[in-house]
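Turn these sequences into a full structure, and let the hints guide you.
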Amino acid sequence: MLLFFLKKLIWAVATLIFASVVVFLALEIVPGDPAQVMLGINATDEAVAALRENLGLNKPAIERYFSWISGMVVGDFGRSYTYSVDVRELVADRIAISLPLALIALALSTIIALPVGIYAASRRGKIADTVVMAISQFGIAIPNFWFALLMVYVLAIWLQLVPAGGFPGWTEGFWTALKSLLLPAIALALPQAAILSRVTRSALLETMGEDYIRTARAKGLSKRATLWNHALRNAMIPVLTILGLQFAYLLAGTIIIENVFYLPGLGRLVFQAINLRDLIVVESVVMMLVATIIVINLLVDLAYVWVDPRLRTRAS
Amino acid sequence: MLDIKNLTLSISGTPILNDVNLSVGAGKILGIVGESGSGKSLTALSTMQLLPDGSAIDGEILLKGKDILQANEEEMQRVRGQEISMIFQEPMTALNPVHTIGAQVCEAIRNSTDLSKSELETRAIETLEKVGLPVSRFPLSRYPHELSGGQRQRVMIAMACAQQPSLMIADEPTTALDVTLQAQILNLLRSIVDETGMSLILISHDLAVVAEVTDDIVVMRNGEVLDAGPTGDVLRKLNHPYTAQLAKASTHVPQRNSAPVLSAEQKSNGSIPILKARDIVRDYPTARKSLFQREKPFRAVKGVNFELFKGQSMGLVGESGCGKSTLARIVLGLDKPTSGNVNFLGHDLANVEGEEMRQARRNVQVVFQDPFASFNPRHRVERLVSEPLYLEPELSKSDRRDRVRSALSEVGMNDTALDKYPHEFSGGQRQRLAIARALITRPALIVADEPVSALDVSIRAQVLDLLADLRERLDLTYLFISHDLGVVRAICDEVMVMDAGEIVEHGPVTDVFTAPKSQAAKELVDATPNLERALANRVD
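Protein chains in written order, with my numbering: chain A, 115 to 430; chain B, 5 to 544.
Be aware that one or more of the hints could be misleading.
As the list claims (entries may be wrong) - So these bits of chain B aren't anywhere near chain A, every CB distance computed over 12 Å:
#	residue
1	Gly17
2	Glu87
3	Gln93
4	Ile113
5	Asp198
6	Pro392
7	Leu399
8	Leu422
9	Thr445
10	Ser457
11	Gly511
12	Thr514
13	Asn534
14	Val543
Said to hold, decoys possible - List time: in silico BS3-like cross-link candidates among lysine-lysine, alpha-carbon distance up to 25 Å:
#	chain 1	residue 1	chain 2	residue 2
15	B	Lys121	A	Lys337
16	B	Lys252	B	Lys280
17	B	Lys300	B	Lys271
18	B	Lys300	A	Lys121
19	B	Lys306	B	Lys521
20	B	Lys252	B	Lys241
21	B	Lys300	A	Lys122
22	B	Lys68	B	Lys306
23	B	Lys32	B	Lys241
24	B	Lys424	B	Lys401
25	A	Lys337	B	Lys70
26	B	Lys306	B	Lys252
Hints in this document: simulated from the structure, not taken from any laboratory.
A quick note: this is a predicted structure, and the numbers were derived from the prediction, not measured.
Note that the Cβ used here is the ideal one computed from N, Cα and C, for glycine as well.
Right, here's the structure in full:
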């Protein structure tokens, strides 16, 4: 088991190193001089030269790669040119929004999707199943920003239950901050929940057709007991896979929702940094996201092993 | 104990069972025999009321005089497990992989009692011990995947016995096991019946198994009971033509027109073998102990030597896990031996690559066990059968089509099959297609891995006839892998018995099967169900 974890960890580190090389090279081969790009076409030669020196662009690539990496290892992400602050601070501010938002959305989506999926599976072919699945189809089809706007209109403007957008900061009190994340979290969670509930349903239905389900029924278990005791855990593998993918998406792919709600999150940061050619910020945030996704995958792998004892044996 | 009267079943409008009548006495064993589609499994599932959706059922199923077809779902849940329990064919999939065997046996007991957890576990340990799984070697914390197929089937039996039901239904309980395990499981079932006075319904396609174990027999076909009575009576007299036909097919031996090809004679004649395997060893790496250390590799094949002569039919038998499939893969050039060499028509299969391997592969083709699984369901027959022709890229399109036609006609199928998909054929026809696919490169050697195990007896007899006929007409050599000695005896000249990676006995089939010398061969012969022997041993 420990060996399995160690092996996965080594792979994770290797992937991280490989990703860092790719990220570095990708920005290295971007056409043009980053300093020139950053300052725009009207910049003087001296200013460009000064910035080049400042950014360390005159040093050989290999040296720059290692100083970038070694900086990241000790937590020094460099300094954003456009924002004139340490990237670390900049990112920390954004994570304080994006991470809670992603976690709330993930929790919401799981809390909605699992019971709905299980319910639909247990009513397979009946009217309840058809209705629930039709709604989930709808949930997948509706663009989440449209749904977000609708919610803003109803809940924020009409009923005035929550703020329509913006983020006051965690310093304004936990509930106030949480309240302003609620609408975006719901907007993010619902389409994910729609997908996840369908995955749960189909995974459950597939397991319900397995031989060991028939065995459990032959023992005298009711259909419901069979579903809970025998099918559910076996159906969790595909559900966990999707959950892992969804979390990665929720963390970084939320740019549209962040824009709708005026949330200064990670997605917006990356988007702005790309527009402003703030390569240091782009590099750092991308690397951080890569690292997060690798960690999530590692957690999902461990969850597989927890769910399925067959993997435990293979792992040890 | 159980009386089924005028049972009629249809699923989504398709009639499945028609006026089935049968009964089992207390402490008796009833065998239900029939080919696939005869309705024997669905009769069992009707009794359990575990039928698929859309089933319409009519008639009476009397358990101790009470009609359980009238029972509601809640009452049925008490009947299942406590009154009637069931074990299934496939032990590999019939247990839940994520729960321990202890949890699964406890669950069966808990359903009928309200014992505390420790009492439950004591009962589970007792039950598992009864089926030959002592707690010292099989603690309750074991998971199904840590057990072999035979052991899993024992766990199934433990669960089925756990609530001391008055009737157990065993649906092909040993079909997925090899013969020695089959004999053990059948003995276990019989001893449980003797000890507990429970009744047993044994569903099987194998007349010999039924003849060995049961008191009474019911023969079914197409959802109807054709023949019934005391087993000895029915199988000795063979009054019903269908029962007679089944008995004949199950012991069918194809005609051998030319003399058997025996290795000893061939060697003294100075013939050169088409395949000569020398000191074949195959190691498989095992799991790592730590990051830098591996366990000693597992030696699946331990220095095997043998020869095949032109026109010879060589059987290769042994229990599962004895290394026979590994050896077959090496002969097919699909796997390389760790050491040793295989000389096949001048090519050393252990070392050749690329173009030379392709030349060699043309001359050796394979027929697999499962005619359902060995075809891509989305390809048409023409493409499926012509697939091995990639080994002969020089053929033109029309040549290829001609080759497919002639291969199909060799196996008794006509051109209308060309544009059909595999699902449009029956199991027997599909196995004919698999043979056509093997024949298309006009090979010298065909490796057949359990080619008739998945087929019903009457179809099996036809396919064996076809294989025998092709051998004579096309001068083929067969390496015939099977755990079914009856089949090997029917079609092979010689047989090699493999045990734990070694060939422990090798000789003409009649010698090996009538007077086996090695322990492994003796065990195999004793464990193989044999209709004649079973009938001779019956007391009734």
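Going down the list of hints, with the structure as the test:
1. Look at Gly17(B): its CB is around 17 Å from the nearest CB on chain A, clear of 12 Å, so calling it non-interface holds up.
2. Not every CB of chain A lies more than 12 Å from the CB of Glu87(B), the least distance being 9 Å, so the non-interface label is violated.
3. With a closest Cβ-Cβ approach of about 9 Å to chain A, Gln93(B) is found to fall inside the 12 Å limit, against its non-interface label.
4. The Cβ of Ile113(B) does not lie farther than 12 Å from every Cβ of chain A; its closest approach is about 9 Å, which violates its non-interface assignment.
5. For Asp198(B), the condition that its CB be more than 12 Å from all CB atoms of chain A holds, with the nearest at approximately 23 Å.
6. Distance check on Pro392(B): its Cβ is at least 34 Å (rounded) from any Cβ of chain A, clearing the 12 Å threshold; non-interface status holds.
7. For Leu399(B), the shortest C-beta to C-beta distance to chain A comes to about 43 Å, beyond the 12 Å cut-off, and the non-interface label holds.
8. At roughly 34 Å, the least C-beta separation between Leu422(B) and chain A is larger than 12 Å, which holds for a residue marked as non-interface.
9. Every CB of chain A is more than 12 Å from the CB of Thr445(B) (nearest about 38 Å), matching its label as outside the interface.
10. Non-interface status of Ser457(B) relative to chain A is upheld: no Cβ of that chain comes within 12 Å, the nearest being about 19 Å off.
11. At roughly 40 Å from the closest C-beta of chain A, the C-beta of Gly511(B) stays outside 12 Å, upholding its exclusion from the interface.
12. Taking the minimum C-beta to C-beta distance to chain A, about 40 Å, the non-interface status of Thr514(B) holds against the 12 Å cut.
13. At the 12 Å boundary, the C-beta of Asn534(B) stays outside the reach of chain A, the nearest C-beta of that chain being 30 Å off.
14. With 12 Å as the threshold on Cβ separation, the claim that Val543(B) sits away from chain A holds: the shortest Cβ distance comes to roughly 33 Å.
15. For the proposed pair Lys121(B) and Lys337(A), the alpha carbon gap of about 23 Å is at most 25 Å, so the pair holds.
16. Under the criterion of a C-alpha separation no larger than 25 Å, the hint pairing Lys252(B) with Lys280(B) is inconsistent with the structure, at around 37 Å.
17. Distance hint between Lys300(B) and Lys271(B) is unfulfilled; the C-alpha atoms sit about 38 Å from each other, more than 25 Å.
18. For the given pair, Lys300(B) sits about 21 Å from Lys121(A) by alpha-carbon distance, which is consistent with the 25 Å threshold.
19. A C-alpha spacing of about 20 Å is found between Lys306(B) and Lys521(B), which places the hinted pair at or below 25 Å, so the restraint holds.
20. A hinted pair counts as satisfied when its Cα atoms are at most 25 Å apart, and Lys252(B) with Lys241(B) qualifies at roughly 13 Å.
21. Distance hint between Lys300(B) and Lys122(A) is fulfilled; the C-alpha atoms sit about 24 Å from each other, no more than 25 Å.
22. As the CA atoms of Lys68(B) and Lys306(B) are separated by approximately 57 Å, the hinted pair breaks the 25 Å bound.
23. Our distance criterion of 25 Å between C-alpha atoms is met by Lys32(B) and Lys241(B), whose separation comes to about 21 Å.
24. A distance of roughly 19 Å separates the Cα atoms of Lys424(B) and Lys401(B); the hinted pair therefore holds under the 25 Å criterion.
25. Restraint check: the Cα-Cα separation between Lys337(A) and Lys70(B) comes to about 24 Å, which is no more than 25 Å; the hinted pair holds.
26. A hinted pair counts as satisfied when its Cα atoms are at most 25 Å apart, and Lys306(B) with Lys252(B) does not qualify at roughly 39 Å.
When the structure is compared with the earlier hints, violations turn up for hints 2, 3, 4, 16, 17, 22, 26 and for no others.
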